[in-house]
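Q: Residues in the sequence shown are numbered from 1 upward in steps of one, following the numbering used here.
A few of these clues could be false.
As the list claims (entries may be wrong) - Only pairs whose alpha carbons sit at most 20 Å apart, straight line, appear in this in silico DMTMM-like list of lysine to aspartate or glutamate:
1. Lys164 to Asp153
2. Lys164 to Asp110
3. Lys164 to Glu152
None of these hints come from the bench; they were simulated from the model.
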Amino acid sequence: MTAFKDHFSTNNAGYAAHRPAYPPALVDFLADAAPDRDLALDVGCGTGQLSTLLARRFAQVVAIDASAGQIAAAAPVERVRYHVAPAERPGLPDSSASLITVAQAAHWLDLAPFYDEVRRAARPRAVLALITYGVLHLADAAADRVVRHFYEDVIGPFWPPERKHVEDGYRALPFPFAALETPALDIEVRWRLADLIGYVETWSAVRAAETSVGRGPIERFRADLAAAWGEPDTIRDVRWPLSLRVGRVRDT
1 MTAFKDHFST
11 NNAGYAAHRP
21 AYPPALVDFL
31 ADAAPDRDLA
41 LDVGCGTGQL
51 STLLARRFAQ
61 VVAIDASAGQ
71 IAAAAPVERV
81 RYHVAPAERP
91 GLPDSSASLI
101 TVAQAAHWLD
111 LAPFYDEVRR
121 AARPRAVLAL
131 ITYGVLHLAD
141 AAADRVVRHF
151 YEDVIGPFWP
161 PERKHVEDGY
171 RALPFPFAAL
181 ETPALDIEVR
191 WRLADLIGYV
201 ETWSAVRAAE
211 TSVGRGPIER
221 FRADLAAAWG
231 EPDTIRDVRW
241 PLSLRVGRVR
251 DT
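All chains should be modelled from the sequences, with the hints used to inform the complete structure.
A: Next up, the structure:
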């Protein structure tokens, strides 16, 4: 089993405050595809960005993450039960989950044993969804160029190798399940300058760069983005296209 790579527990509060929420249309699509709305399992839940939305459509959501820090920072919501656990040992009974989701975390998992656990815990016709989003798109062209330069050229060498799976939309990950057609969906937010900087501060590559070379790169990015943004309270549109791998786990 692959050892847990904890890239996020040093900034749990920032992750909870600044990671964007998933669109309600994603939850509606997944809930409608599931055989029923009894139990959803959210694996690698982080601080509950997707878990809390699933609770709107499912009677119970079990949300697990291998990071105790992330679970401690998760938002308490009725019908969501958080606990610290690896993806391969979620602690569910056999044939109990109608939906299993992995949002922005599948690239960290040891997929072979995880898929074995999915088959054990899934009830007939349950749905598995791997969900990811890559680099953001800013409607303002000048600010967008600053973000892309920082992402690709400045901290590009500090991204962990698993990041390549996010950038290709999980297309290269093995997915041995009957694929379902998925809708085109985006995460869309309207942010001020501080919101975007707070989000960038949650990137694993930023943490790695800070450890290696200090705060210089992120401070220069903050200054460059502020110059392109203009008035800090100006609200700008930010978008992330979602990539989905969704499948039926088993028919019977």
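Q: Evaluate each hint against the coordinates.
A: Verification of the supplied hints:
1. Our distance criterion of 20 Å between C-alpha atoms is met by Lys164 and Asp153, whose separation comes to about 15 Å.
2. Under the criterion of a C-alpha separation no larger than 20 Å, the hint pairing Lys164 with Asp110 is consistent with the structure, at around 16 Å.
3. Only pairs whose Cα atoms come within 20 Å are accepted, and Lys164 paired with Glu152 is accepted, the gap being roughly 12 Å.
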